[in-house]
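Q: Below are the chains, spelled out letter by letter.
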Amino acid sequence: GAVVSQHPSWVICKSGTSVKIECRSLDFQATTMFWYRQFPKKSLMLMATSNEGSKATYEQGVEKDKFLINHASLTLSTLTVTSAHPEDSSFYICRASGNEQFFGPGTRLTVL
Amino acid sequence: AQTVTQSQPEMSVQEAETVTLSCTYDTSESDYYLFWYKQPPSRQMILVIRQEAYKQQNATENRFSVNFQKAAKSFSLKISDSQLGDAAMYFCAYNSQAAGNKLTFGGGTRVLVKP
Numbered sequence: 001g002a003v004v005s006q007h008p009s010w011v012i013c014k015s016g017t018s019v020k021i022e023c024r025s026l027d028f029q030a031t032t033m034f035w036y037r038q039f040p041k042k043s044l045m046l047m048a049t050s051n052e053g054s055k056a057t058y059e060q061g062v063e064k065d066k067f068l069i070n071h072a073s074l075t076l077s078t079l080t081v082t083s084a085h086p087e088d089s090s091f092y093i094c095r096a097s098g099n100e101q102f103f104g105p106g107t108r109l110t111v112l
Numbered sequence: 001a002q003t004v005t006q007s008q009p010e011m012s013v014q015e016a017e018t019v020t021l022s023c024t025y026d027t028s029e030s031d032y033y034l035f036w037y038k039q040p041p042s043r044q045m046i047l048v049i050r051q052e053a054y055k056q057q058n059a060t061e062n063r064f065s066v067n068f069q070k071a072a073k074s075f076s077l078k079i080s081d082s083q084l085g086d087a088a089m090y091f092c093a094y095n096s097q098a099a100g101n102k103l104t105f106g107g108g109t110r111v112l113v114k115p
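Quick mapping for you: the protein sequence lines, in order, are chains S and L.
Everything in the first sequence is counted per our numbering, starting at 1 for the first residue and increasing by one.
Everything in the second sequence is counted per our numbering, starting at 1 for the first residue and increasing by one.
Among these hints, one or two may not hold up.
As the list claims (entries may be wrong) - Each computed SDA-like pair below joins lysine to any residue, with the alpha-carbon atoms no more than 20 Å apart:
#  : chain 1 : residue 1 : chain 2 : residue 2
1  : S       : K42       : S       : R108
2  : S       : K42       : L       : T5
3  : S       : K41       : L       : S42
4  : S       : K41       : L       : Q44
5  : S       : K41       : L       : R110
6  : S       : K42       : L       : P41
7  : L       : K102      : S       : Q29
8  : S       : K42       : L       : M11
9  : L       : K102      : S       : T78
10 : S       : K14       : S       : H85
11 : S       : K42       : L       : Y25
12 : S       : K42       : L       : S12
13 : S       : K66       : S       : T17
14 : S       : K42       : L       : R43
15 : S       : K66       : S       : C13
16 : L       : K70       : L       : I49
17 : S       : K41       : L       : G85
18 : S       : K55       : L       : A99
19 : S       : K55       : L       : K102
20 : S       : K41       : L       : S12
21 : S       : K41       : L       : L47
None of these hints come from the bench; they were simulated from the model.
So here's chain S without its partners, still in its complex pose (with noise of 0.2 Å):
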């Protein structure tokens, strides 16, 4: 079945600096990526919503310039949280969502 990837699984990085995630549909078209935050023990929070080729839709509360979501083509979208900081360590999930929609398996960011 369809498989959606997310790169990296894991990452650590000082304050400050910018940490890029990837996720990829491997085999349909995502027309539409979805990104959620996930806090230890919490649910999963909606982020954002793009869609291929557009700029991306940002969920009330979260800062579209510190979370910055690309969707350029219909099996890649990416999160770069710009100068992180501590309370940015979370889980990152995406969902692609096209004919089929898949979610990802998460990224764990820890920001030092």
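Since the structure of chain S is already known, use the hints to place chain L on it.
A: Chain L in isolation, oriented as in the chain S frame:
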């Protein structure tokens, strides 16, 4: 806006027994979808079962079945013959085209399976 509520933070079940997880939701839409997702320790989200709101028949998937009560806006999940591998977080979720195909999640229920 749609909301999804899971009132049970944690449920414990004996292996081979049955456990039921509750979920209620709030919406003004008539056409929508409801899901149960499993999140094991690996944190990969796994679709367990899906229900279309226009279907009266409750969805079943092997040992997993739902009790969908549209008027009451209730969508419970029953896990029969529980296995050790069923231990995980379970999330109820709501989706609709009118809402932009966004998934709205409940707070989750942790299922513990005792051998």
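Q: Hints first: check each against the structure and report whether it holds.
A: How the hints compare with the structure:
no. : hint             : in the structure
1   : K42(S) x R108(S) : holds (14 Å)
2   : K42(S) x T5(L)   : holds (13 Å)
3   : K41(S) x S42(L)  : holds (13 Å)
4   : K41(S) x Q44(L)  : holds (14 Å)
5   : K41(S) x R110(L) : holds (9 Å)
6   : K42(S) x P41(L)  : holds (13 Å)
7   : K102(L) x Q29(S) : holds (18 Å)
8   : K42(S) x M11(L)  : holds (16 Å)
9   : K102(L) x T78(S) : holds (18 Å)
10  : K14(S) x H85(S)  : holds (8 Å)
11  : K42(S) x Y25(L)  : holds (18 Å)
12  : K42(S) x S12(L)  : holds (19 Å)
13  : K66(S) x T17(S)  : holds (11 Å)
14  : K42(S) x R43(L)  : holds (12 Å)
15  : K66(S) x C13(S)  : holds (15 Å)
16  : K70(L) x I49(L)  : holds (16 Å)
17  : K41(S) x G85(L)  : holds (19 Å)
18  : K55(S) x A99(L)  : holds (18 Å)
19  : K55(S) x K102(L) : holds (16 Å)
20  : K41(S) x S12(L)  : holds (17 Å)
21  : K41(S) x L47(L)  : holds (19 Å)
Checked against the numbered hints listed earlier, the structure breaks none of them; every hint is satisfied.
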